[in-house]
Amino acid sequence: MRVLVVEDEADMRKLVTRYVEMLGYQHVTAENGVKALDLARKFPIDVVLSDVEMPEMDGITFVTRFKQIAPFVPVVMLSGQREIAVVLTCIRAGALDFVEKERVVEDLEITLRKAIAVRQRELALRTVRENAGAVRNLVDELKTTLGAPTAQQAELLTRLDRLFELMKS
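Offset between the sequence shown (1-based) and the numbering used here: plus 417.
Be a bit skeptical, because a hint or two may be false.
[What the hints assert, rightly or not] Straight-line C-alpha distance at most 30 Å; calculated DSSO-like pairs for lysine-lysine:
#	residue 1	residue 2
1	K560	K518
2	K531	K484
3	K459	K484
4	K431	K531
5	K452	K431
6	K531	K452
7	K484	K560
8	K452	K484
9	K459	K560
10	K431	K560
11	K518	K459
12	K518	K531
13	K531	K560
14	K452	K560
Derived by calculation from the structure, the hints in this document are not laboratory data.
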């Protein structure tokens, strides 16, 4: 898993990237939203950790633009601000979660693991959906070759049809 760390303060960026490394994840870093968007276009990103207040492009604008590029990649916002309005603005912009900078050491591991889990579920779901068509074709072929299915086979085929409908949604 690759984590994009977007933080304008060098010391905080270093702290967060060391923590990401300690947890066993790869990372790329940017000191502002403009550079982060450029990196997001060049590298596959699995999770983003982004500061809220940065020069050139603030974190809220970054999240909004990043979600246009990668709508299913979880973003966790980092901020020294504790105001609920800031947290809500981040969530409304598309962030999955919010960590106060003062609590990075205490909260980042569990928050990052949660974001990674969200990403892994999204990737697994995408794989299921991508393979659903091929499996559907096999089931249709099976229906054709079976001719008149037994009651048990008909029940199984009905269940498979329901499963495919669920996979589409």
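Check each numbered hint against the structure and report the violated ones by number, ascending.
As far as the earlier hints go, 1, 7, 9, 10, 13 and 14 are violated by this structure, in ascending order.
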